[in-house]
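*Asks:* Keeping the supplied structure of chain S fixed, place chain E upon it in accordance with the hints.
2 protein chains.
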Amino acid sequence: MTGKKQTLVWLAASIWLLFASASGAATYRDLDQQQLWYLELDTGRVVIELNDTFAPKTVAQIKQLTRAGIYDGVSFYRVIDGFVAQAGPGDTPLSDSAIKRLGQTSIPTLPMESVLPWSNARAFTPVQRQDLFAPQTAFSAGFAVGLNATSSEAWLLHCPGAVGIARGNEPDSATSDFYVVIGQAPRYLDGIMTVFGRVVWGMDKVQAILRADPQGSGVMAPDEPQTRIQRAVLGSDLPPEQQLMLAVERTVGEAFEQKLAARKLRDHPFFFKRPPAVLDACQVPIAVQLGT
Amino acid sequence: MTGKKQTLVWLAASIWLLFASASGAATYRDLDQQQLWYLELDTGRVVIELNDTFAPKTVAQIKQLTRAGIYDGVSFYRVIDGFVAQAGPGDTPLSDSAIKRLGQTSIPTLPMESVLPWSNARAFTPVQRQDLFAPQTAFSAGFAVGLNATSSEAWLLHCPGAVGIARGNEPDSATSDFYVVIGQAPRYLDGIMTVFGRVVWGMDKVQAILRADPQGSGVMAPDEPQTRIQRAVLGSDLPPEQQLMLAVERTVGEAFEQKLAARKLRDHPFFFKRPPAVLDACQVPIAVQLGT
Chain S
1 MTGKKQTLVW LAASIWLLFA SASGAATYRD LDQQQLWYLE LDTGRVVIEL
51 NDTFAPKTVA QIKQLTRAGI YDGVSFYRVI DGFVAQAGPG DTPLSDSAIK
101 RLGQTSIPTL PMESVLPWSN ARAFTPVQRQ DLFAPQTAFS AGFAVGLNAT
151 SSEAWLLHCP GAVGIARGNE PDSATSDFYV VIGQAPRYLD GIMTVFGRVV
201 WGMDKVQAIL RADPQGSGVM APDEPQTRIQ RAVLGSDLPP EQQLMLAVER
251 TVGEAFEQKL AARKLRDHPF FFKRPPAVLD ACQVPIAVQL GT
Chain E
1 MTGKKQTLVW LAASIWLLFA SASGAATYRD LDQQQLWYLE LDTGRVVIEL
51 NDTFAPKTVA QIKQLTRAGI YDGVSFYRVI DGFVAQAGPG DTPLSDSAIK
101 RLGQTSIPTL PMESVLPWSN ARAFTPVQRQ DLFAPQTAFS AGFAVGLNAT
151 SSEAWLLHCP GAVGIARGNE PDSATSDFYV VIGQAPRYLD GIMTVFGRVV
201 WGMDKVQAIL RADPQGSGVM APDEPQTRIQ RAVLGSDLPP EQQLMLAVER
251 TVGEAFEQKL AARKLRDHPF FFKRPPAVLD ACQVPIAVQL GT
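Sequence lines, in order, name chains S and E. The first sequence: position 195 = 195 (the UniProt record's numbering), numbered continuously. The second sequence: position 132 = 132 (the UniProt record's numbering), numbered continuously.
Treat the hints as calculated values from the structure; they're not laboratory data. What you are looking at is a predicted structure, and each value in this text was computed from that prediction instead of being measured. Hints should not be assumed to be uniformly reliable.
Claimed, not checked - List of simulated lysine to any residue pairs, SDA-like, C-alpha gap at most 20 Å:
hint, chain 1, residue 1, chain 2, residue 2
1, E, Lys57, E, Ser236
2, E, Lys264, S, Ile192
3, E, Lys273, S, Ser173
4, S, Lys273, E, Asn148
5, E, Lys273, S, Ala149
6, S, Lys273, E, Pro135
7, S, Lys273, E, Leu132
8, E, Lys57, E, Gly103
9, S, Lys273, E, Ala149
10, E, Lys264, E, Pro126
11, E, Lys273, S, Gly168
12, E, Lys264, E, Arg250
13, S, Lys264, E, Gln130
14, S, Lys63, S, Thr109
15, S, Lys264, S, Pro135
16, S, Lys63, S, Asp237
17, S, Lys273, E, Phe133
18, S, Lys264, S, Glu254
19, E, Lys264, E, Thr125
20, E, Lys264, S, Leu132
21, E, Lys100, E, Val74
22, S, Lys63, S, Thr53
23, E, Lys273, S, Leu116
Said to hold, decoys possible - Using C-beta positions, here's what the derived DEER-type ranges look like:
hint, chain 1, residue 1, chain 2, residue 2, range
24, E, Pro135, S, Pro135, 16 to 22 Å
25, S, Gly216, E, Glu254, 22 to 28 Å
26, E, Ser95, S, Asp223, 42 to 48 Å
27, S, Gly216, E, Thr92, 40 to 46 Å
28, S, Gln258, E, Glu257, 40 to 46 Å
29, S, Ala277, E, Glu170, 21 to 27 Å
30, S, Gln258, E, Glu170, 23 to 29 Å
C-beta atoms are modelled at their ideal positions from N, C-alpha and C, and glycine is treated no differently.
Here chain S stands alone, though its shape is the one from the complex:
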């Protein structure tokens, strides 16, 4: 029995190694509380890293709306398992106090920030050429990105945990509502929606968000139970004792390159037959550490 138990524990540890190869050697960078968006959901705490390299205007507006309390008490009103969970004030008119805090009577529309001119001088680590949806995938500061054939343009990928801003048919129509990818990456949205962040803590709390009836449109009926955002706040606006000291795996440098290489090579005995030596950038876990 002990033998069997050891085998199973070892098996579990071994499969974990396949999943997070070489993560023991990873190095980490501390996250800046000014770039962390804390969402206190009914299901628990979620922390999103904002990306103002790729989406500076969107991030600035998210911060402004957060400080005006626009997201406090709103619900995830469109939740489709395997796709996205979307939340925001929707069509609710701004309250007098929100107008006062915001300094304007309505929320301005945002320009599309889906594709960034790219310079090879930027630090990034290549993942895969001829990915199904992009000529090249890579990691840049923890985010999975796509690059065009000449690496002159880059965009954030719609991997699970990616956070984007909702819009209408017009490219520059986004205002406040946002979505989190909760299923297989909807990569067809890459480059045509503004991704502005990614979940770095509490993805399990995102996955616990109540779904709409799977036989409906995905938008919840008023009488369907919905998961609320009790409070949204920037890390730098929290008292220090309420901040999470998060550090994420560095996605530049030798340790990370080795991790990617090991995930392509799959030379563990578990692989009695080697899989194709390719990597889906959305299936590379980026480790997170919680400090004290």
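*Replies:* For chain E alone, kept in the frame of chain S given last:
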């Protein structure tokens, strides 16, 4: 305000269309209760369609172990967000009553059933040539499959919701424990693990399964709270009033071909810039209807 509300509802409906294009025209097939595996979790009811075309011996053993009560009361003991949730008796010795019900003192190991000799005479619908991980992807009776270059072999894909049987390093070492894919498809496991089913109902209840500490190995410590399988049962062993009358979208025929084509084409005005005309077979939702 009404105008804005209408716009938002329309927007939501419109994005849904992008997700489930042409599903209005879908046709359905009723599922056979003999092929449905009901798991009553602490989080709610999950129904898995078993696939005995691809994994006949594994399915037969899962049914036998289920009828012997092997899965009743066991926990999801290895749950890694974005990867898999794994459950089963693990190293627990069989009880006297289980031995009696099972008619044997231990659980036999299973042969690998990961790759099936394939005949083009089988009904399947192609999805994508030169997929990152497979020469060809397709759907066969609701399941996403990979095909080799000559279509002489096929295997079930590790898409979200796929259910496979755990094993050690030896290919033919699986016994009882199983995993459900809960994140971006770990396609590097295709063809080297036996997938024997897929979740057709209650994937939200699977996503609500408690995760292990993200900073650990993924295997839960004894004192970590775990989600239990209260009871596992085959649909055909349930009284009719407890069965769910499930029907799934047919994945052969003109309606489904049109759906795939529309998802590649993306000609809705929302797509001000067309994405690449490719499809990730794991990102094609297969509709399910609940009858009465």
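*Asks:* Against this structure, judge whether each hint is valid.
*Replies:* Hints versus structure:
Simply put, Lys57 (chain E) and Ser236 (chain E) have alpha-carbon atoms about 19 Å apart, close enough for the 20 Å limit, and the pair holds. With a C-alpha separation of about 15 Å, the suggested pairing of Lys264 (chain E) with Ile192 (chain S) holds against the 20 Å cut-off. As the CA atoms of Lys273 (chain E) and Ser173 (chain S) are separated by approximately 15 Å, the hinted pair is consistent with the 20 Å bound. Distance check on the hinted pair: Lys273 (chain S) and Asn148 (chain E) sit about 15 Å apart at the alpha-carbon level, within 20 Å; holds.
Restraint check for Lys273 (chain E) and Ala149 (chain S): the C-alpha separation of about 17 Å stays at or below 20 Å, so the hint holds. This hinted pair checks out: Lys273 (chain S) and Pro135 (chain E) have alpha carbons roughly 17 Å apart, not beyond 20 Å. For a cut-off of 20 Å, the pair hint linking Lys273 (chain S) to Leu132 (chain E) stands: about 17 Å separates their Cα positions. In summary, the hint linking Lys57 (chain E) to Gly103 (chain E) is supported, as the alpha carbons are separated by about 17 Å, within the 20 Å threshold.
The suggested pairing of Lys273 (chain S) with Ala149 (chain E) holds, with an alpha-carbon distance near 17 Å, which does not exceed 20 Å. Among the hinted pairs, Lys264 (chain E) with Pro126 (chain E) is consistent with the structure: their alpha-carbon atoms are about 12 Å apart, no more than 20 Å. Restraint check: the Cα-Cα separation between Lys273 (chain E) and Gly168 (chain S) comes to about 14 Å, which is no more than 20 Å; the hinted pair holds. Note on Lys264 (chain E) and Arg250 (chain E): the hinted pairing holds, with a Cα-Cα distance of about 19 Å set against a maximum of 20 Å.
With a C-alpha separation of about 18 Å, the suggested pairing of Lys264 (chain S) with Gln130 (chain E) holds against the 20 Å cut-off. About 15 Å separates the Cα atoms of Lys63 (chain S) and Thr109 (chain S), which keeps this hinted pair within 20 Å; it holds. With a C-alpha separation of about 18 Å, the suggested pair Lys264 (chain S) and Pro135 (chain S) falls inside the 20 Å cut-off, and the hint holds. For the proposed pair Lys63 (chain S) and Asp237 (chain S), the alpha carbon gap of about 11 Å is at most 20 Å, so the pair holds.
A hinted pair counts as satisfied when its Cα atoms are at most 20 Å apart, and Lys273 (chain S) with Phe133 (chain E) qualifies at roughly 14 Å. Pair hint Lys264 (chain S) plus Glu254 (chain S) holds up; C-alpha atoms about 15 Å apart against a cutoff of 20 Å. Taken as a hint, the Lys264 (chain E) and Thr125 (chain E) pair is honoured in the structure, with Cα atoms around 14 Å apart against an allowance of 20 Å. For the proposed pair Lys264 (chain E) and Leu132 (chain S), the alpha carbon gap of about 13 Å is at most 20 Å, so the pair holds.
For the suggested pair Lys100 (chain E) and Val74 (chain E), the alpha carbons sit about 19 Å apart, so the restraint of at most 20 Å is met. As the CA atoms of Lys63 (chain S) and Thr53 (chain S) are separated by approximately 15 Å, the hinted pair is consistent with the 20 Å bound. With a CA separation close to 15 Å, the supplied pair Lys273 (chain E) and Leu116 (chain S) stays within the 20 Å bound. The hint said 16 to 22 Å for the Cβ distance between Pro135 (chain E) and Pro135 (chain S), and at roughly 20 Å that hint holds.
Checked against the given bound of 22 to 28 Å, the beta carbons of Gly216 (chain S) and Glu254 (chain E), roughly 25 Å apart, stay inside it. Separation of Ser95 (chain E) from Asp223 (chain S) is about 45 Å and conforms to the stated range, judged on CB atoms against 42 to 48 Å. At roughly 41 Å, the beta-carbon separation of Gly216 (chain S) and Thr92 (chain E) lies within the given 40 to 46 Å, and the hint holds. The supplied range of 40 to 46 Å is met by Gln258 (chain S) and Glu257 (chain E), whose beta-carbon atoms lie about 44 Å from each other.
Checked against the hint of 21 to 27 Å, the pair Ala277 (chain S) and Glu170 (chain E) passes, with Cβ atoms roughly 23 Å apart. For the pair Gln258 (chain S) and Glu170 (chain E), the beta carbons lie near 28 Å from each other, so the given range of 23 to 29 Å is met.
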